[in-house]
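**Student:** Spelled out, the chains give:
2 protein chains.
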Amino acid sequence: MEEKKHMVGGISRKTLERLPVYHHYLEGKFAEGTETISAPMIALDLKLNEVQVRKDIASVAKTAGKPKTGYAVKDLIDDLEEFLGYHNVNQAVLVGAGYLGRALLSYKGFEQYGVEIVMAFDSDGRKVDTKIGGKMVLPMAKLENLCQRMNIHIGIITVPAKAAQEVCDQLVAGGVRAVWNFAPVHLNVPDHVLVQNENMAVSLAALSKYLYEVQKKEEPI
Amino acid sequence: MEEKKHMVGGISRKTLERLPVYHHYLEGKFAEGTETISAPMIALDLKLNEVQVRKDIASVAKTAGKPKTGYAVKDLIDDLEEFLGYHNVNQAVLVGAGYLGRALLSYKGFEQYGVEIVMAFDSDGRKVDTKIGGKMVLPMAKLENLCQRMNIHIGIITVPAKAAQEVCDQLVAGGVRAVWNFAPVHLNVPDHVLVQNENMAVSLAALSKYLYEVQKKEEPI
DNA sequence: TAGATTGTTAATCGATTAACAATC
DNA sequence: TAGATTGTTAATCGATTAACAATC
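As they're listed, the protein sequences go chains A and B. Residue numbers for the first sequence follow the working numbering, so the first one is 1 and each next one is one higher. Residue numbers for the second sequence follow the working numbering, so the first one is 1 and each next one is one higher.
The reader is advised that the hints may include incorrect statements.
Which copy is meant is left open, because identical chains are indistinguishable; a pair holds if it fits in one copy or across any two.
Straight-line C-alpha distance at most 30 Å; calculated DSS-like pairs for lysine-lysine [said to hold, decoys possible]:
#1 Lys55 / Lys131
#2 Lys142 / Lys74
#3 Lys135 / Lys74
#4 Lys127 / Lys108
#5 Lys62 / Lys29
Derived from the structure by calculation, the hints contain no laboratory data.
Sequences and hints are given; from them, build the entire structure.
**Tutor:** Right, dumping it as structure tokens:
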């Protein structure tokens, strides 16, 4: 009965990560006037395997593709949007209006993926009552109460590491069910709360390491 | 002879991503005065499998662990630092000093993972010649030449989508071998250049979708 | 019809986890 | 010694890719 941890709504996280890529690609095709498209074509353009494309599509599409023709671009876009929750926006709050917090508040990409950051909180009085990316920055004292009243279930933590656990506790007290954590600390939360850690440094470190290995090979002693 | 694509320097990318986590954890333990530590202990604290911990350690450690005792914390830290290139810093440039660019320029976490962003470029004359996070913002015209002269091999793209390909071309012309791309576009590069795409929206979208599925289960019709 | 494309079942591949002998 | 822990080989698990019959 229990769904496996790495599955979300019947599809794997890997597939879920590719869905917005298809959506973006299909939007472009649709704008160009393309009405139908085949899996091999999508796979070629996005550098994916065509079977993978078909399986991904099968997991979200309501209508089947047609042999020899492919899929209706408009239908695919609609199905992707419904699946990704475009018309069912989840609201989120952000805590910590530093550089990273401001970057996220100003980022235009979230809403098209079914998430809207509705307000921010910061402990710095100078930031409170200003607007960033069109969103109000409010004092920490209002966090718990506002999250509850607005029935908000997603919290984004962009505060320094030493403040993160306390912020997290306040979010959980406010009813938040999922936390996107940019602070480089392990957060302790109740079982019903999901924490997703984001470590910007790791991605760049991996890239750097890769480069170092390549260079080592090219410049033998 | 050819190393598999998903392997970097003999270890998988997954392992590579965990190494900084071990490093951060061990630094904390070392600061507390812990001299030796076992794989089961690390696994417990970091919520990993103990065999995985042992394999990860085996892939970077110079000295073996001792049965019944575990590993010398200081040695492990040293080995991790050497492997991650702490003492062998790769330099990077960033293009696009918007909110996200400024967040990355001010982020303190990169240098401890062997990467240093040494300067930024922006097409906006008002930003040129200012300093962000202690790093100079320079005009685009200087990008290619400076990358070449300073022998810089990593470029970070935080410009709007429509400018990204041109920026990427300039970086490649300047000798960059690895590109960390935050713009939501597919970049075309020569074979010897590695592009790593970062899509902030995908992570949050996945979290949101997960939450939506959980809620659907809890509130049946 | 012929053949391109779909959808699905089977094979492969990589990463994680389990099992277990070696050893301090 | 007894037993905790290491290092490694085997089993499992998930995701990707290949093979192929169905079909428009």
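**Student:** Each hint needs a verdict: does it hold in this structure or not?
**Tutor:** Here is what the structure says about each hint:
1. Lys55 / Lys131: neither (43 Å within a copy, 48 Å between copies)
2. Lys142 / Lys74: neither (43 Å within a copy, 44 Å between copies)
3. Lys135 / Lys74: Cα proximity of Lys135 and Lys74: none, with 33 Å in one copy and 46 Å across.
4. Lys127 / Lys108: Cα proximity of Lys127 and Lys108: in one copy and across copies (21 Å, 22 Å).
5. Lys62 / Lys29: within (20 Å within a copy, 52 Å between copies)
Hints 1, 2, 3 from the earlier list are contradicted by this structure; the remaining hints agree with it.
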